[in-house]
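Given next are the chains, with one letter for each unit.
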Amino acid sequence: KGMLIPTRPRLFSVCRNEDLKEMLESSKESLKLEAMKRIVGLIAKGKNASELFPAVVKNVASKNIELKKLVYVYLVRYAEEQQDLALLSISTFQRALKDPNQFIRASALRVLSSIRVPIIVPIMMLAIKEAAADLSPYVRKTSAHAIQKLFSLDADQKEQLIEVIEKLLKDKSTLVAGSVVMAFEEVCPDRIDLIHKNYRKLCNLLVDVEEWGQVVIISMLTRYARTQFTSPWKEGAMFDENNEKAFYESDSEEKKGHTEEKPYIMDPDHRLLLRNTKPLLQSRNTAVVMSVAQLYWHLAPKHEVSIVTKSLVRLLRSHREVQYIVLQNIATMSIQRKGMFEPFMKSFYVRSTDATHIKTLKLEILTNLANEANISTILREFQTYVKSQDKAFAAATIQAIGRCATNISEVTDTCLNGLVLLLSNRDETVVAESVVVIKKLLQTQPTQHSEIIKHMAKLFDNITVPMARASILWLIGEYCERVPKIAPDVLRKMAKSFTAEEDIVKLQTVNLAAKLYLTNSKQTKLLTQYILNLGKYDQNYDIRDRTRFIRQLIVPSEKSGALNKYARRILLAPKPAPVLESSFKDRDRFQLGTLSHSLNSKATGYQELSDWPAVAPDQSVRNVEIIEAVKEWTPTVGKTKQPKSDDKFYSDDEDEKEEEGSDSSGSEDSSSSSSEGLFMYFTMQMFSSCLAAKYHFPRQPCLYQPSMVAVQVILSNSSDHSLEEIHIGDRSPASLSIHCFNTIERLEPEASVTVSMGIDFSDSTQAANFQLCTKEDQFSVSIQPAVGELLMPSSMTEQDFCKEQGKLQGMNETSATITMETANASSQAISKQVLSVANVGVVSSSQNNFSRFAGRTVSSGALVLVSLELKESSTALLTINTEKTVMASMLLRDIKQALTQA
Amino acid sequence: MIHSLFLVNASGDIFLEKHWKSVVSRSVCDYFFEAQERATEPENVPPVIPTPHHYLISVLRHRIYFVAVIQSEVPPLFVIEFLHRVVDTFQDYFGVCTEAAIKDNVVVVYELLEEMLDNGFPLATESNILKELIKPPTILRTMVNTITGSTNVGEQLPTGQLSVVPWRRTGVKYTNNEAYFDVVEEIDAIIDKSGSTITAEIQGVIDACVKLTGMPDLTLSFMNPRLLDDVSFHPCVRFKRWEAERILSFIPPDGNFRLLSYHVSSQNLVAIPVYVKHNITFREGSSQGRFDLTLGPKQTMGKAVESVLVSSQLPRGVLNANLNPSQGTYTFDPVTKLLSWDVGKINPQKLPSLKGTMSLQAGASKPDENPTINIQFKIQQMAISGLKVNRLDMYGEKYKPFKGIKYMTKAGNLCQFRLH
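Protein chains in written order, with the UniProt record's numbering: chain A, 1 to 902; chain B, 1 to 420.
Note that these hints are calculated values from the structure, not bench results.
Hints should not be assumed to be uniformly reliable.
[What the hints assert, rightly or not] Using 20 Å as the maximum straight-line C-alpha spacing, the simulated SDA-like pairs for lysine to any residue come out as follows: (1) K37(A) x A101(B); (2) K63(A) x G46(A); (3) K240(B) x E748(A); (4) K337(B) x G317(B); (5) K18(B) x E748(A).
[What the hints assert, rightly or not] Output of the computed footprint for chain A on chain B, the stretches with three or more beta carbons under 8 Å from beta carbons of chain A: (6) 13 to 21; (7) 318 to 332; (8) 347 to 356.
Just so you know, even glycine gets a beta-carbon here, dropped at the ideal spot from N, CA and C.
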């Protein structure tokens, strides 16, 4: 332990920046690291460490990874303040962007794009464009993040950035999908047209995307769907489920007529979205569950929305903050759709340990759920809440009881009686709140409640809360003709205590006096005048003002004009009862799950959810031509299957099951296609009737040995019995080095398993032959690689390329003039075609008519350089430079074939 | 998305800040402090606070507020979920998530935050990936590092991040291959004064500790999967397989993780394994109150109810309590009026009880409500729902792993007896 103390970072010691500078300039790595650690400590505390910039930035190219990372942290924090010095570091990142290690390329781009220095915008732009075409999906993901950073630094780059987004949206990697959609949302959320072609792919990839990306994609697709599909909510059966009930109750003939009249067929793409998001309700990430719930709420046919209920209720088990947001959303939903949450009513019962805002939200929801059937249970529950020690919550409960009483006329009297009982409660807040609520209730049905008013007048002396006192005074004034004896007496008491009352009580006293003066002037004339005199000299000008106004209004004099005649009609006009309604009533104008919904006001950057279009826009915009021949799933399958089942969907229950059946099979297809989308699929091979194997080259570096080519094999059992002990047996040639997969103990019928193996082809296209054995049987397998798969990409600059090319002249050069298909004439198309046959890397080129690619053979690491010079009328000179002349001629043949074919 | 993060302690000091975009002045937290002052309890600070130019979204864990600064529309749960992941990660790395632990490890904290978000968007939140990027600090490693000058930072891109199983790193090797699963069920219930259940529900989780070499593919099946009403999975579980066969099939992450959490359908009547007999009375005019509480086990299939802890918030009028526990110890805090009784194990032959008197404020009227009682307990080797694991199989690797399954039932956050 003694060794630890002196070397532990003393992060929070007094800031001694001179020390730190010295340490950074020393030649010892450990001292530099120690200094950087202390500096990061300063940054974390919010202390200014910017004067160390020159000393820190020198270490940006350090070999020590931790030191380098800490320098990055510092650089990103202070570059904005020290722009000129920050430029010193740029060249290091530019170099790192070309590094063969994808991790280093990615982190260089991350830091470069985080340096908020406007001067380097063009450099960032270039780096982003290059990274967007990188072979590593991780680097492409980083470039998607960088797009947003550049956009926030310089919004003028928008058009160019949209081009990059458009390109990245086409990416098939699940790693990239979430990040690029995020960039889309930030830079050009209105460019819906960019989504069309990628819509189905995004839907299918969704399950495999990382959870944060899922949230972003789902919310974007929700907006998209609302602009592209027609409403699945039938006419007349809109939001209100009561209407819906009435609709089903009407006789069946009418129902048939109705559906024939307006046949609604859900767009298969609309169904695809609903189907592919449903499994995500099981996610452990609460944000994902919530985003699926809001998608169903805004997009699904009304009878399907309740699928999400259970999952939302599950989220209530999560952290307090999660509960808060989820309860807010349920509160909004439960106003329109009681039925969705009624079976789960008990989940909203309040626990004494809940935070106050959670309690209030639960109360809100319980009130929304109350109906004739459950009101007695709810009221019994409310009774225990009123006794709660949390008085603010008890007061909120009384409000809720008031709302139940107005909404459900059967219980109005019960509630009222209950509230009157509460008037004798020991706690003042409870009493005060009861008075206020009783006042509102009496207003809704003023008849025959004089008993309650009398009761309240009796309690008046003991009530001290101003709001409650004011409410009682108002009640007595409003219904003074029903309590003719008591009212003047209350006024007398008020005249005595007037000066000591709160303003709100004084105002109501003046009000009461005026009303009594009009109805019972004989008894109250003097009292009124006394009170008006007191009010005239009150300290509060509102009260002085009101008093003068009332005097002119009620006391006839020469000056008082025509108004005097109408005093009675003004003061004693029948007043509309206040409406007790939920504070969540019109929250549904915001998309559920959003920040705006939580705040009940439009947040910066909120994207309005559009209404369904009356007529669906062209559906064919989403059609995509299938390029890979290997894909098992095509959208047309979904298309032919879907409308059929949808037709039936509304007719009866049995079909619902059927549809669910097709659901699961459909989604199975789609997920298998999505995982395949990750790899570049090249060859496939089937053999034997009972064990089928397909293989492809994933084009990843082999994990087992660098000289091996990685091969992934998908074994599937197509027989009717399970196969045991699948393993690799004899191989030929005997020297062939193969990294086998581990024996598969058992493969059930129709199950399949993916295994990866490594094969050292020794840079030859000679087939690797081996035996694939099961317990009973063996099959011979032959894997013959295309020459392009024996390569791995190598990144180099144009200068390096030319230099290397110069060394590989003469015998090492093979070339041919080819005539290309016109469609392939652009440099992008060329890259695509070349990359499809050979695993090489693109070398950025400054000349438009040159395309260059570089790679190395996997086994021996010999350089393979491909260059293509475009000549006139789509002819081109294709040159390959490498020591491996046999490979060169084979590669030449393959590339030529790819480029001359469409 | 997430612009900046401030960590605020209970006394309202910002002790760490981190910015992912341009720097936001810490004065933005003033709005948070205002809300903090208004809230009577620390838990009552609203999770979402609007300010003129930003929005503050915060979570409170371990008495630390994690305040995220947001500039524009974002699903609030996205931020909240992320902040909780940050806390989980800290806990995972440092064992505890306290102000002291964070300050001691500020460099690792910074490195972690740097990897977890890029430009405010989550980048790597999977603990397996993070641990490959940044190794958790241990005393031994700190020592070795200072001697050899090596670092905590991984030198390579975690292979998992690029693979189809991002939650598992490649090249895992163990000499002892073992897989343990803990089935833990929690009962949440509210019971009224007559002893009848108002609500009761069972929530369960299966936590796993898997230390297996290579790329094992596991399947776990249940005797009675129908019990599971609503489930949420770790991303490794193959959803299709569950839908079709009710079997959990997965390639596990390496180490500790939560495989599954579930809810047991409420149709099955939940038996609360503990009952309470109570007699708490206050008499009008007297400055004494009687307190009498007895606990007993109920339907525990012969398993002992252990670690029982009773707590109750007594009415404000109670000045002190003079009680006599038949076992265990009790404390009463006269300031917060919190009574807690550490009972220990319930012996069915000799039921634990707590009896005595409470002294009330002289002259004050009798409290008009009885308190609620919260109970915590544990029952080993029993899952109250009756859920049973049938078998666990491993494919894809040759060795025979050691497998173990443990059951436990405990009271959830809320096992509440209302005495009023």
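Outcome of the hint check:
A threshold of 20 Å between alpha carbons decides the hint, and for K37(A) with A101(B) the separation of about 16 Å falls inside it, so the pair holds. Distance hint between K63(A) and G46(A) is unfulfilled; the C-alpha atoms sit about 28 Å from each other, more than 20 Å. Between the alpha carbons of K240(B) and E748(A) the distance comes to roughly 16 Å, so the proposed pair stays at or under 20 Å and holds. For the proposed pair K337(B) and G317(B), the alpha carbon gap of about 9 Å is at most 20 Å, so the pair holds.
In summary, the hint linking K18(B) to E748(A) is not supported, as the alpha carbons are separated by about 52 Å, beyond the 20 Å threshold. With 7 residues having a beta carbon nearer than 8 Å to a beta carbon of chain A, the segment 13 to 21 of chain B meets the requirement of three or more and the stated coverage holds. With 0 residues having a Cβ less than 8 Å from any Cβ of chain A, the segment 318 to 332 of chain B misses the three-residue criterion, and the hint is violated. With 0 residues carrying a beta carbon less than 8 Å from a beta carbon of chain A, the segment 347 to 356 of chain B misses the three-residue requirement, and the given coverage is violated.
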